[in-house]
Every structure is written in structure tokens, then in C-alpha cells.
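S.K.: Sequence:
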Amino acid sequence: MSLNFVGWRAAWVKYMRFIGCPLLSSASSPRRSDAFQSGNKIDQLILKAPSSATSANPLYIDLLRFVQKISKDSRDSIVPTFTYEQSGETYCFSCIDLSKITEEIALSESPRKAYWQHKYRWSLRTPSPEPVTEVDSRKLNDINQIERRLENWYSNESKTFTRIPYAVSPSDPFPIQRWDKLLKNFDRAQKTLIDEFEYPPTSGLFARNSEYGGGSNPAKKFSELFNKVLHPLTLEYHIKSRVDEVNHTACLFAQKYTCDPGGQIAKGDIFAITGKDSVMRNSFKTRYRSSFASDPAQHPTCTGVSQACFDHVVEAIDDLNESRKTKIFALFDYIKDQGWDTGSSLGSMDHELLGMSGFAHSVFLLRNELKAAGKLDNMIDVMKWYVEFGEVYQSPFEFQGTTADKIRTVLLFRLMTVLIMPEDNVPQKTEKIRDMDALKRWIENALKVSEGLSDFIKPDSTSYHHRLFYGTAYCPSALHNAALISYLLDGTTYELDSEIKENLVNALKVFRIAAVHYSTPSQIGGRNPKYDQAIIAEHVPAYAYLAMKSPFQSFKIGTDIPNLNIDLEEVRMFLRLYQPATGSNICTLGKLNEFLCKGEIGRKYYLNTLGALEILERVNELASTTSNVTSGERPWEYQTEESPSGHWTKQFASLSIHRRGDWAVSVKGFDKFVVDFESSMNPVGNLYGMYSSHGAMLIANSESALSSKDVDNGWDWRKIPGTTVINVSFPDMRIDSSHHYNPSTDAMAGGVALKGSQDWDERNGVFGMNFEQPRYKVASLFSPFSSQVTFRFKKSVFFYDDLIVSLGSSIEYSGGNKEIHTALFQDKMAQDASRKPAAPDVFRCNGWGTSEKTHWENKVLVTLVDVNGNRYYIPNPDTQGLVFSRNKRQDSVKGNVKTATPTNGMYCTAWFNHGRSPSTTAGKDEYEYAVQVDAEPVGESSKPLLVSGNSYSVILKTNTAHVVKFPSTTNKRGTVYGYVVFPINPANPVALGDEGPLLSVLNQTVIMTEEKAHPARLHISASNPQLNLKERQGSPSWCKGGNTSPRTKKDVEETLLFCSTSTSQAIHVNFRENAKWSRLVHLYVGGKDKTGNKEHYLVPTGSPRENAFKFINMRNGADTEVEFSAN
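Residues in the sequence shown are numbered from 1 upward in steps of one, following UniProt numbering.
Wrong hints could be hidden among the right ones.
Straight-line Cα separation of at most 35 Å, DSBU-like style, residue types lysine-lysine; simulated pairs [claimed, not checked]: (1) K184 <-> K159; (2) K113 <-> K256; (3) K1012 <-> K965; (4) K267 <-> K256; (5) K325 <-> K604; (6) K894 <-> K828; (7) K1040 <-> K448; (8) K965 <-> K1050; (9) K336 <-> K375; (10) K184 <-> K448; (11) K276 <-> K375; (12) K777 <-> K965; (13) K113 <-> K69; (14) K448 <-> K530; (15) K957 <-> K924; (16) K598 <-> K184; (17) K1050 <-> K113; (18) K530 <-> K267; (19) K898 <-> K888; (20) K191 <-> K256; (21) K604 <-> K777.
Simulated restraints, written as ranges between beta carbons of each label pair [stated by the list, open to error]: (22) D260 <-> G215: 43 to 51 Å; (23) P743 <-> K943: 38 to 46 Å; (24) S99 <-> P743: 45 to 53 Å; (25) E1073 <-> D801: 26 to 34 Å; (26) V897 <-> N144: 47 to 55 Å; (27) T969 <-> E642: 47 to 55 Å; (28) S737 <-> E852: 30 to 38 Å.
Worth flagging that the hints you see were computed from the coordinates, not collected in a lab. Backbone N, C-alpha and C define an ideal beta-carbon position, used for all residues, glycine too.
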């Protein structure tokens, strides 16, 4: 242990770390000691003082414990890595050998995937020494430009906020509302400092994972002080001490109170200056009421106020701000004394990065004051340690991408670290430029596409965290932060590369198509299964940043070229999302308005600044303004984009999305490389979410319609629409793990999109899933998920404009005694819903009475209508075991509470009951239904009922293929077929029925075709959704030979994370008519035109050559679409 420190330090050390170390010697030795083997107890500690007679500083030990178990302990400069391997022996470092510790040795205790534990490792990485050269003045000027942009992002330096007389109305605009919320945050910080930290604080500060500190405990966590106290107090000081703010405040106050020492001052006006802290308030009042030399000379700009009175108020405010700064500096000293310092890991760095936001923001905002006080150099070292700045010095980088956690935190904090670096001499200037160059390289590498299962941006533009596409947390905020960085760097020598910007834009586009408006599908919610979470409303600024161009140019309306991105799409995306509601009580008018009013400072990141709000309003204002460009009298007008329309497949999420009008439908599965669901006990979330990816289909008619999916009140976790499940009890659903993969070698879940003869915004598609139940971790053989239970099914979903056809087959269940159900819909009843009259064979949720119907008088077809007006057409309901429950109470449990907490609600639900042995009961091992989306929209005319057989027909529904036909009903589109192929023997082609353009297919695939007579065209779009990840050739030695067939997240090693790639797959297709389709007109891969390189993606294989083709080089689940013309 190194004693090269001042202040307190925490050290967490596992006994096993000492294996290989001698008991009573400081010399390096390969000798092993059994005393440190697992299971043994330590019953004494021998402290050996230095033998020299020289004086030394005292060493205090405040808290010493021997514990049976320590997890997630971290190495640092005080307690570094103890041991190393050499020639098969384990050696222990002596204190004099610590300088010999290398990155590789540090990695031996913290593998690459343990990314919270790399501070010590990256502190060992230093930049290559470079000679001092001539300073690149352009780069340095650009760094200064970026610094000013970031400063103004907090709050525009030309804007002032204090109001006297102080009053806030519910109808005041958003900047005033946000400022008011900030003032309340400042007051809470002062109160917390006094009540909880007992300023001046003396109690200990502890790491996040420590059992000490937090809550009502007198000792606190570092993160509590940073984010509840330090950050708000610093932001208050920063804004209120700016010259313009001080002068503005002084003028308002002097105009109202004229420096009358005996006059009464309204409490609200004092609060506007001092906040509600009594010490600050009394200090200001005493200073204000002190005598000063009066002079009748008037202030030149503050009307009706003398210069002397104005100066007197300014001095009182300055004294107040000096007191604020003194208090903040005392907190910095306290933090340092408690161990937040260079080389200190606090015992454990696990997740500590997420709690340092307040510290990083405070250091940046106080950079000038810290420099004046001689504290800046130390703060830069501290920042570099905690943000792991050494990582940016890699050349080359170990792998592409980084974690979403780093993107949403240190991406900005590392930029701050560079911006606060001094530039007083040539060496300092060149060092600052060197670090900024390295940081830009790291940012671009972090935002490159990562092909394996690690974070962040994937080949299909989904964004990953926890090995999954995370749609309700982590990823949206990470993209928001990345967009902010792009905005700050834009137009400088550090502007991000166009490829990196495109990655960022595409990732944000995915969220815009996945969310019906602001709420992303629950199926991609990770441990946050709420349907109406409106997460995108919080991140609308990300779209505004991408819409801006060169932000340091003039923002003035009427300039020749608006400061907007010349790519209209980015601007139009923003305009669709930025539609705040108007009216009184504006902060309560929807999720977007709530965010625009929000001023509170978050714990993990702070993105809702006053300056960010101004950027939103500026982009909106500029986009609505017509200007002339220098190239002529071309009007520069931006129109709000319509809601996205089309069909998309995201194979890294096993997700298909279908949109028309303002509604969106999504289907979610999982397979060999895409996990099923996430749940957590700390924090508690989604405890009953194990069926989230069993083919879940969300029909989101609108943002408001999502309120019918109320997971907190009566939601039946076993009846997630679209899923096929074992109908177990709620307690049985709480298994001990999450993040499972489909164990089948034929696992498949994904889809294909077809443009066909129409535009891209009219694409249709198909989703298919081949399911086998994972081996869940359960304690009892009597569990419905024990190893004796087998559960399989095959399902498909076909999307054709507003019609959805859902099929299931080969439902197998054995080894258990539960019913198998497939849910069609589940909606909470609205008390004020309008009731519609009954119609023959049409059963509406919004009808009269309570009922549960299970017998259908052998009807050939019945129609159900859910709460949101979607029609469900069910053939042969008795055979399929259809159950329809209307206006009945459902009892359930909350999914985010450890102790089972009952809930209930009145619901309308429909499902198929396949029984306890579907495969042995005629008709029960399959299902079929169709959905007409938005068929009976509220307040609008209903669509005509579909006529049975005219809208679609099922050609095949077997254990090897599902085939559905959509006949040509207009001259617009030809006959469309959808295919999902589940081969049993990969050597034998699968026959595809007696009609349609395709005779057979050899491989597992999802296909959609369109055949049109005039002109004679055949369009085929094919995909193999399975990612087929394999170790990449040329991978480094540290990631070779890892597991590429994971069963759970724990099986995902560094090979799959960092060194894998989707390997090429092929699909053999045989045409029904020989030699009819021979001329290739177009070929697209993933929506991009590749006609000029067609031989890389399509080759003829038949005899004659025109009767069969092979799609080749199919990777990442991307679809390949071809257009043929007839001979």
C-alpha cells in the first residue's frame, strides 16, 4: 500500500488479491500463502512501521473491518494491483516495485468488459512524448470557440433571469418556468447542505457501493454532495455572478427600493437575489442597509436610479456572490480531504462515474475562479483520473464503440477537461491541442458502428446497452449527449467526421420511428416496461442540435443563410417533435411541456439547461422564417415532417416496426444473439417481464392511446399482446435471472421489408419467430420452467398497409401442467368511453355490460374491436379457443416493487387458450387472426368491415413455412406474398405451397414478394434475420476462442462483445416459372441501391440459370431487395 497521499483514503481489498504474497516480507517472491485462500478468516492485522528514524506524518485509521465478502473492489495508486504472473508463477509486488505495474498487469484483475474498473489501468496510459512545436493557432482558437459555446449552453451570456418584483404565473413562457424551478433547486441545495451535511461538513463521504453513507445516515455518498449540493450552488453562483446578471438585478432592485435603508423589502424580492437561506438573506440585507456616499448623478442606463445607489446594490450582490464562492471552495476542500483526489478509487469505482456529473459541471463553471485561487492544476489532474482520460491516448483503439454510460457522461466531461486546461505558454498550448486531437479521435471511435454485442451504435442503427436495444433509458440520453457534442464541435477543425454524424443521425431516426410520437415500445424498455413513458420528449434537444449548423455564427433572423442544417430532414424531424402545447398552466400540458419547464438538476446528467431551451426556440424560429440564399431567390422554408410511414426491421433488436398515418405497430422477439428481457432487483424493475419478447405486438394508435396499457394498475403480465406463453402464476414469473438467448440452433426472430413497386414510405413487411424456451435458473423441479419442461412455437406477422395477419403453428408444450395462451389485446377500460351499438358477430370492448365469452356457436368468423378502435378478425373462434373478456376486473401485481404489491383495474382482453397439451389437441397447436388497425378511430368515420377471403388468404401454415397472400385490389400494387421459412433439414428445400412466384427456399428466411402485370415486374425482398456472429478474422489474442453460443448474458465474453462480426449467409430461391424472370432491374441492400454491384449480392444457380437464384453476402440481418422484369 502506498502512503503517498494527504487526507483520507478508502481501500477495499479481497484476501484473494494477496495470493502469491509472502506474509511478513516486502520482497518480491513467488511463494504462495494458504492464509489467503478463500474461506479462511483473518483474525489479526500487523502494521509494520518504516524502520528509518526520519520523521513522518501521522497515519490515522478511522474504519477498519474484516469481512467475509467484498465485491467490485477497485485498484488505484494507493492500493494497486498486487500480483502478476510470470512463467506460471504468481509473484507479489513490493512497494518499491509499483512503478513496474503495466496496463496488462492492471487488466489481469479488471477485464475489458468490466468497464467500471479501469481508472487505474487508464492512468497508466500516457500520451507519446511529442516535442514542443509551433502552436496551431486555428485549433487553439477553435477550442476557445467551443468553450464559449459550452458556456452559453448553460445560459446565454447576454440573457438575464432575475425578476423584481418576483412573481411567476402558470402561463409564463418556458424560460421563466425553468428558471423558477432552478431557483427552487438552489434553495433545496442550501437546505440540504445545512440539514443533511451540517455545514461546515465534517462527516465522512463514501463510495456508491459502500454500506456506509446515504439516506438518513449522517455520513453521505460523494454523489449526494456533488449533485444535491455542489452542482446547484455552483450553477447559482455562475449565473448570478455574471456581470450582466448583477447589473440587471441591481437596477431592478434599486428602481423599486431606491436604496432607502429603512424601507420594507418584499420577501419575494429578497428571495430572488439571495434564495431562502436565512444567513444569505440577512447578510445581503445588512450590507444593503449599510451607509454609502450618496450622489445625485444618474446611472446612464438604469432609469431613475443614481449611480451611487446602483453601485451600492452591486457591491451588496458582489459580497453575496463572494460568500457563495467561499462556501463552494470549502466544499471542494472537503471533497478532496475525504478522498476524491487523483489516484483514489474510494474503495470501489463501480458505477461511481454516474454520480460525478455535479463535480464535473462545477469544475468547468468555476474554471476561472479555480485558476485564480491556484487550484486549477489539481482539478485537471482529478478530472483526468476520474474520467479515465488516458483512454483517449490509444493508437490504435482496441475496439470500436464504447458504453452508453460513457457516452452519456464522460463524453462531455472529457471535453470539459480539455477546455479548462491552461494555455499560458507554448508547452501548455501544445498539450491542450494534443489532448483535444486525441479526444476527437476517441469520440469518433466511440460513435463508430460496433458489430458485436457491445455498446453502442449497431449496424442497423439501433443503440445498445446491457446487450440490448435500450429504448427507455441509457441510449436516448447517450444520443442526446452525443448530439450536444456534435453541436459544440460543428464548424471547427474538430467537427465530427461526416460518417460519424450520419451514424448519430441514423441512431436518432430509429427512436423517431420506434416511438409513436414520444413513447418508445415497452418491448424495448429494458427494466422500464411502462408504455406511455414519453422518453423522447425529454430528448427533443438532440434533434435541435443536429438541425443547427455552425452555432457560433449569427443567430439573427434575416441573415443570408440561416444557421440550420442544409439537410432538411434533420430540421423537419425536429419540427415534428417540437410542438409544445399552448394555454394556461403550460407545465401540465403534456410530457413535452413538462420537460420544457423542468429546471431540476439530474444526478447522472444535466441536459435541461436554460441555454438548451433557447436553442430549441431559436431553431423553431429560424425554421419558420423565409430567407434568401446567396445562390438566388430560392425560398428557404422548412416544413414539419409528417409522421414516418413505411416498414423497418431492426435485427439487432429482433424488432419490426410498421407505420401508417400517425399510428405505429411494433413486434418484438429474441433469438440466438438477441436477449429476451431485462429485470433487476437493484433498482427494482420489470420483475414480471419474462414474456416481453415472446412475439409481443404493440399497436400504438396514438400517444394518448397508450394510457390503456397501464402496467401499474391491473396489468396482466401474462397477456402482453401478441405473445404466446405458459400461463403461470405471477410468483412463478419472478425467476432469478434475465437476459436469456434462444437456445435453439434454428433460433430466429426478425423480419424483412419490401418496397416493391411503391415508394419507400409505403413499404410493407413480414416478421417471423422460431421459439424455444430458454433454460431459466429456477430452484425447484416443480417450477413451470424447470429443465423437464419443453415449450416451442413458430409465429409470423404479415404487414400490408393497415392490415396485419398473425399466424402461429407447431405450439409444443410438455413436462408441465399449465395452459398455453396467445394474447390478442389487453386494454384498460376508459370510464368515459363512448359506447357503440352491437352488431352481428362484432363484439366491442366499448360495448355495454360485463362479459367473458368462451363459446361462439361454431361461427366461421367473429370480429372483436379493442378499446382503441382496432378490429380483430378471428376465423373459427371455437376451434382456436378464443376468450373475450370485457369490462372485468383484473388483479395483478406491480412490476417495480420487491414485495408483491396487488393492483387491479377494469380491462378488456382477448386471448386464445391452446390448452395444456396443444400438440395433441386438434386445432390447438396453431392460430390465425387479422387486425385492421385504426378501423374505428374515436371521433372519426369507421372503415368498412373486411370481407372474408378478399383481403388475404393463408396459403401455408405448417412446421416448415407460413405463407400469406394479399391479392392485388387496385392498379397501384400487384399481388403480394409473404413467406416465413423454418427449415427442418437445411439440405432439403422447403416447398412454399401451390401458388405464388416462389416454388421453394433452401434456407431459413423471411421473404416478401410483389408480382405486377403491367409492367411485368417481380420484386423480391429476402432476409435471414439471425445475425450469425462469429469471431472476426485477425482478432487480437485477448479475445480469441470465446463462446459464440451464449445461453445468458453471463456467457457473453469479450469475443462476442468486441471481436465478432456478422458472417455472410446465403438464401437459395427457386422460381415457380422457369426462365420468366431473368433481367435484373434494381437491387437494394438495407435500402441502399447496389445495382451496380449486383454480383456481390445475387448469383444465378439454377439449370436453366433463370429458374433459381442465390442471395449471398447477407449480413447483420439486412434485407436484399431485387426487381426483375420478364423476358
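S.K.: Each hint: holds or not?
M.R.: Cross-check of the supplied hints:
A distance of roughly 20 Å separates the Cα atoms of K184 and K159; the hinted pair therefore holds under the 35 Å criterion. For the hint pairing K113 with K256, the CA-to-CA distance comes to about 61 Å; that exceeds 35 Å, so the pair is violated. Using a Cα cut-off of 35 Å, the hinted pair K1012 and K965 holds, with the two alpha carbons roughly 14 Å apart. At most 35 Å may separate the alpha-carbon atoms for a hinted pair to count; K267 and K256 meet this at roughly 13 Å.
Between the alpha carbons of K325 and K604 the distance comes to roughly 24 Å, so the proposed pair stays at or under 35 Å and holds. At most 35 Å may separate the alpha-carbon atoms for a hinted pair to count; K894 and K828 meet this at roughly 15 Å. Proposed proximity of K1040 and K448 is supported: the alpha carbons are some 22 Å apart, at most 35 Å. The suggested pairing of K965 with K1050 is violated, with an alpha-carbon distance near 42 Å, which exceeds 35 Å.
Distance hint between K336 and K375 is fulfilled; the C-alpha atoms sit about 11 Å from each other, no more than 35 Å. Only pairs whose Cα atoms come within 35 Å are accepted, and K184 paired with K448 is rejected, the gap being roughly 40 Å. Between K276 and K375, the direct Cα distance comes to roughly 30 Å. Compliance with the 35 Å bound is thereby established for this hinted pair. A hinted pair counts as satisfied when its Cα atoms are at most 35 Å apart, and K777 with K965 does not qualify at roughly 42 Å.
The suggested pairing of K113 with K69 holds, with an alpha-carbon distance near 22 Å, which does not exceed 35 Å. Taking the CA atoms of K448 and K530, the gap is near 30 Å; set against the 35 Å cutoff, the hint holds. A hinted pair counts as satisfied when its Cα atoms are at most 35 Å apart, and K957 with K924 qualifies at roughly 13 Å. Annotation: proposed proximity of K598 to K184 holds, straight-line Cα distance about 11 Å (limit 35 Å).
Pair hint K1050 plus K113 holds up; C-alpha atoms about 11 Å apart against a cutoff of 35 Å. A threshold of 35 Å between alpha carbons decides the hint, and for K530 with K267 the separation of about 43 Å lies outside it, so the pair is violated. Of the pairs offered as hints, the one joining K898 and K888 holds, with about 27 Å between alpha carbons and a cut-off of 35 Å not exceeded. A hinted pair counts as satisfied when its Cα atoms are at most 35 Å apart, and K191 with K256 qualifies at roughly 29 Å.
For the suggested pair K604 and K777, the alpha carbons sit about 32 Å apart, so the restraint of at most 35 Å is met. Checking the proposed 43 to 51 Å range against D260 and G215 shows it holds: the Cβ atoms sit about 47 Å from each other. A C-beta distance of roughly 42 Å is found between P743 and K943, which places it inside the suggested range of 38 to 46 Å. Between S99 and P743 the CB atoms are about 49 Å apart, so this pair conforms to the stated range of 45 to 53 Å.
Between E1073 and D801 the C-beta distance comes to about 27 Å, which sits within the given range of 26 to 34 Å. Between V897 and N144 the C-beta distance comes to about 51 Å, which sits within the given range of 47 to 55 Å. Under the hint 47 to 55 Å, the C-beta atoms of T969 and E642, about 24 Å apart, miss the expected range. At roughly 35 Å, the beta carbons of S737 and E852 sit within the given window of 30 to 38 Å.
In this structure, the earlier hints numbered 2, 8, 10, 12, 18 and 27 are contradicted, and the remaining ones agree with it.
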